[in-house]
Amino acid sequence: MDNGFNEYESGLKREKSTTSNVWDEMTKLECENKDELKAQFSCLKNYFGAT
193 MDNGFNEYES GLKREKSTTS NVWDEMTKLE CENKDELKAQ FSCLKNYFGA
243 T
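In case it helps, the working numbering puts the sequence shown at residues 193 to 243.
Worth flagging that the hints you see were computed from the coordinates, not collected in a lab. Among these hints, one or two may not hold up.
Unchecked claim - Within a straight-line C-alpha distance of at most 27 Å, the following computed BS3-like cross-link-like pairs (lysine-lysine) qualify: (1) Lys230 to Lys220; (2) Lys237 to Lys220; (3) Lys226 to Lys237.
With these hints in hand, go ahead and build the complete structure from the sequences.
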């Protein structure tokens, strides 16, 4: 079935929700790459990243 969409073509990315309670304990960090998210636990020095 041809619906005019390429199944491998991604749409516009929207900002991911941070409604989880874990975000109460973390601080979002600015990244040069806007497709990347980094965060730091408020009580620790550990950094976490995701793309």
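So, going through the hints one by one against the coordinates:
no., hint, result
1, Lys230 to Lys220, "holds, 6 Å"
2, Lys237 to Lys220, "holds, 13 Å"
3, Lys226 to Lys237, "holds, 22 Å"
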